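Student: Using the sequences provided together with the hints, build the complete structure.
Letter by letter, the chains look like this.
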Amino acid sequence: MILLVSSIIFYAYADYRFLILLVLSIIINYYLGLKIRKAEKEVLQRRFLYLGLIFNIGLLIYFKYFNFFYESFVKVLNVFSADLSYNSLQILLPLGISFFTFQTLGYLIDVYNEEIEPSKNLLEFSLFVSYFPKILSGPIERASKMMPQIKEKRNFSYDVFVDGLRQILWGLFAKVVIAENCADFVDLIFDNYTDYSGSVLLIGATFYAIQLYADFSGYSNMAIGVSKLFGIQLMRNFATPFFSKNISDFWRKWHISLTTWMLDYVFTPLSFTLRKYQKTGLIISIVFTFVLVGFWHGANWTFVFYGLLHGIYFIPLVYYGKLNSSKTTAENNLIPSFKNSIKMVSLFMIIVLTDVFFRVDTVFLGFQYLQGIFSKSLFYSPEIIMGNTTYITFALVLFFLFIEWINKEKSHDFDIRNYKLVVRWTCYTFVFVLTLIFGKTSETFIYFQF
Amino acid sequence: METITIKDTIRQVLESILNHNNFEMHDELTAKDVDGWDSLSHMMIITKIEEAFNIKFKLRDLNKLKNMGSLVSVIQSKL
Numbered sequence: 001m002i003l004l005v006s007s008i009i010f011y012a013y014a015d016y017r018f019l020i021l022l023v024l025s026i027i028i029n030y031y032l033g034l035k036i037r038k039a040e041k042e043v044l045q046r047r048f049l050y051l052g053l054i055f056n057i058g059l060l061i062y063f064k065y066f067n068f069f070y071e072s073f074v075k076v077l078n079v080f081s082a083d084l085s086y087n088s089l090q091i092l093l094p095l096g097i098s099f100f101t102f103q104t105l106g107y108l109i110d111v112y113n114e115e116i117e118p119s120k121n122l123l124e125f126s127l128f129v130s131y132f133p134k135i136l137s138g139p140i141e142r143a144s145k146m147m148p149q150i151k152e153k154r155n156f157s158y159d160v161f162v163d164g165l166r167q168i169l170w171g172l173f174a175k176v177v178i179a180e181n182c183a184d185f186v187d188l189i190f191d192n193y194t195d196y197s198g199s200v201l202l203i204g205a206t207f208y209a210i211q212l213y214a215d216f217s218g219y220s221n222m223a224i225g226v227s228k229l230f231g232i233q234l235m236r237n238f239a240t241p242f243f244s245k246n247i248s249d250f251w252r253k254w255h256i257s258l259t260t261w262m263l264d265y266v267f268t269p270l271s272f273t274l275r276k277y278q279k280t281g282l283i284i285s286i287v288f289t290f291v292l293v294g295f296w297h298g299a300n301w302t303f304v305f306y307g308l309l310h311g312i313y314f315i316p317l318v319y320y321g322k323l324n325s326s327k328t329t330a331e332n333n334l335i336p337s338f339k340n341s342i343k344m345v346s347l348f349m350i351i352v353l354t355d356v357f358f359r360v361d362t363v364f365l366g367f368q369y370l371q372g373i374f375s376k377s378l379f380y381s382p383e384i385i386m387g388n389t390t391y392i393t394f395a396l397v398l399f400f401l402f403i404e405w406i407n408k409e410k411s412h413d414f415d416i417r418n419y420k421l422v423v424r425w426t427c428y429t430f431v432f433v434l435t436l437i438f439g440k441t442s443e444t445f446i447y448f449q450f
Numbered sequence: 001m002e003t004i005t006i007k008d009t010i011r012q013v014l015e016s017i018l019n020h021n022n023f024e025m026h027d028e029l030t031a032k033d034v035d036g037w038d039s040l041s042h043m044m045i046i047t048k049i050e051e052a053f054n055i056k057f058k059l060r061d062l063n064k065l066k067n068m069g070s071l072v073s074v075i076q077s078k079l
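Protein sequences, first through last, are from chains A and B. Mapping of the first sequence onto the UniProt record's numbering: position 43 corresponds to residue 43, and the numbering continues sequentially without gaps. Mapping of the second sequence onto the UniProt record's numbering: position 47 corresponds to residue 47, and the numbering continues sequentially without gaps.
Please keep in mind that the hints were generated in silico from the structure rather than gathered at the bench. These figures come from a predicted structure and were not determined experimentally. In this text, a Cβ means the ideal position worked out from N, Cα and C, and glycines have one as well. Heads up, some of the hints might be wrong.
Ranges between beta-carbon positions, derived for each pair [stated by the list, open to error]:
1. B:Asn-67 / A:Asn-78: 54 to 60 Å
2. B:Asp-8 / A:Leu-365: 54 to 60 Å
3. A:Lys-279 / B:Leu-59: 17 to 23 Å
4. B:Asn-19 / A:Asn-155: 22 to 28 Å
5. A:Ile-54 / B:Asp-8: 43 to 49 Å
6. B:Asn-67 / A:Lys-41: 52 to 58 Å
7. A:Trp-405 / B:Glu-51: 42 to 48 Å
8. B:Asp-8 / A:Tyr-65: 49 to 55 Å
9. B:Leu-79 / A:Phe-374: 56 to 62 Å
10. B:Gln-76 / A:Ile-54: 35 to 41 Å
Calculated lysine-lysine pairs in the DSS-like style (CA-CA distance at most 30 Å, straight line) [unchecked claim]:
11. A:Lys-343 / A:Lys-410
12. B:Lys-64 / A:Lys-120
13. B:Lys-48 / A:Lys-408
14. B:Lys-66 / A:Lys-343
15. B:Lys-66 / A:Lys-120
16. B:Lys-32 / A:Lys-276
Tutor: See the structure below:
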């Protein structure tokens, strides 16, 4: 109950205008869940499910995608010389809408599929939707994992509490030190990309990939850590994705709560429907799912293109039947084998180049940027920008990746509970001091806009 | 159909799609335990099983599959 009240206050503090929307969404989804289960005929159950889908997707489309569709529609008409002008509506994006709507969607589908029982307690259900550590930016939780934890009486566990603190410290470090320091370079380089040589542009893109990861995984670690303080275990959202060997490995480890959601509610039904087309059906399903993953991030063609590219990267894997290689890179070894290093680094470069489309405003600009990278000047030695800070940021990033590397098989990126007391406290102090010295405050997180 | 015959057919399907037989057919076997049986090969396996038994799954059936035991009982209910 206290958690629920604080969640509501938290959301209201962030943006009170959308509180009504959140409450409305909670109540409607709660009743639809009950209705689906009570209905005896399958036809009726399905009708309530569809009602829920329309309501939730409708909310998303209205608040997030209305202007996008509207503008694209008018542009298409203009091609046929209709000569219309358009005024975009001033629709504000409610915080966290993509995250909580996906949660309620998953909830209704699970109830319909008889995977879970609908919640019979409005307060518990409200907490499931609005739980404050995760409402703004995920992880996108599942009712089957979270509802039982809300129901049960939670006992204080010292170990879990301390582990939560550890995770918060690491998340904070990732966000205020790594992401923010990278951001300074990234902004400078992306905003003036015509002024720099290809080698600098490549460094800029690399820093951006790291910034994006540190920003979002940092947020996720903090959210999961804070939640641990209250005894609720949220799902893992990142599992050191940069240490993957192929693209399917990468997506198993990147934004896990979104990709597993897409896997269960989009990819599986779709590939099931298309199963008689064998590999072609599989490829269509994968590409469609990834376009949707991209589009989920926002109403811009850059995100659609980003998703499309990732979908396309899967095609060779489907044909060579090498989708599954979930074994960790360099399992139990500090140094990866030569072959694995090559795979890891090439995958990382593909991610870096694709992430460019995530950063720029239009697909065209993305291509311009890539063209800038792949020019003769790629082989020039990079101009020094921002002096010594370059080296410091570089060292910080290496330290960050090193800690993640040694913890890649642990339950989270900073799970150092099994180290000796001295080592642990040296690590805490070191990371804490680094955060104090190099930390920068920032107003927001990249993923708050989604 | 006997459980043993069903299991044997499933084993053949798995072997033909995954190209190996490093797994034991017991009721608690899950896709996770079998090398190569992931979300993407899953649908090909399902299609092959449908062909082998001449049955059609529903999406709801699929969601209920937790391990080999549940797969066998779902197939049995369709025969």
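Student: None of the hints should be skipped; say for each whether it holds.
Tutor: Consistency of the hints with the structure:
no.	hint	result
1	B:Asn-67 / A:Asn-78: 54 to 60 Å	56 Å, holds
2	B:Asp-8 / A:Leu-365: 54 to 60 Å	58 Å, holds
3	A:Lys-279 / B:Leu-59: 17 to 23 Å	20 Å, holds
4	B:Asn-19 / A:Asn-155: 22 to 28 Å	48 Å, violated
5	A:Ile-54 / B:Asp-8: 43 to 49 Å	46 Å, holds
6	B:Asn-67 / A:Lys-41: 52 to 58 Å	31 Å, violated
7	A:Trp-405 / B:Glu-51: 42 to 48 Å	45 Å, holds
8	B:Asp-8 / A:Tyr-65: 49 to 55 Å	51 Å, holds
9	B:Leu-79 / A:Phe-374: 56 to 62 Å	59 Å, holds
10	B:Gln-76 / A:Ile-54: 35 to 41 Å	37 Å, holds
11	A:Lys-343 / A:Lys-410	22 Å, holds
12	B:Lys-64 / A:Lys-120	23 Å, holds
13	B:Lys-48 / A:Lys-408	36 Å, violated
14	B:Lys-66 / A:Lys-343	33 Å, violated
15	B:Lys-66 / A:Lys-120	26 Å, holds
16	B:Lys-32 / A:Lys-276	24 Å, holds
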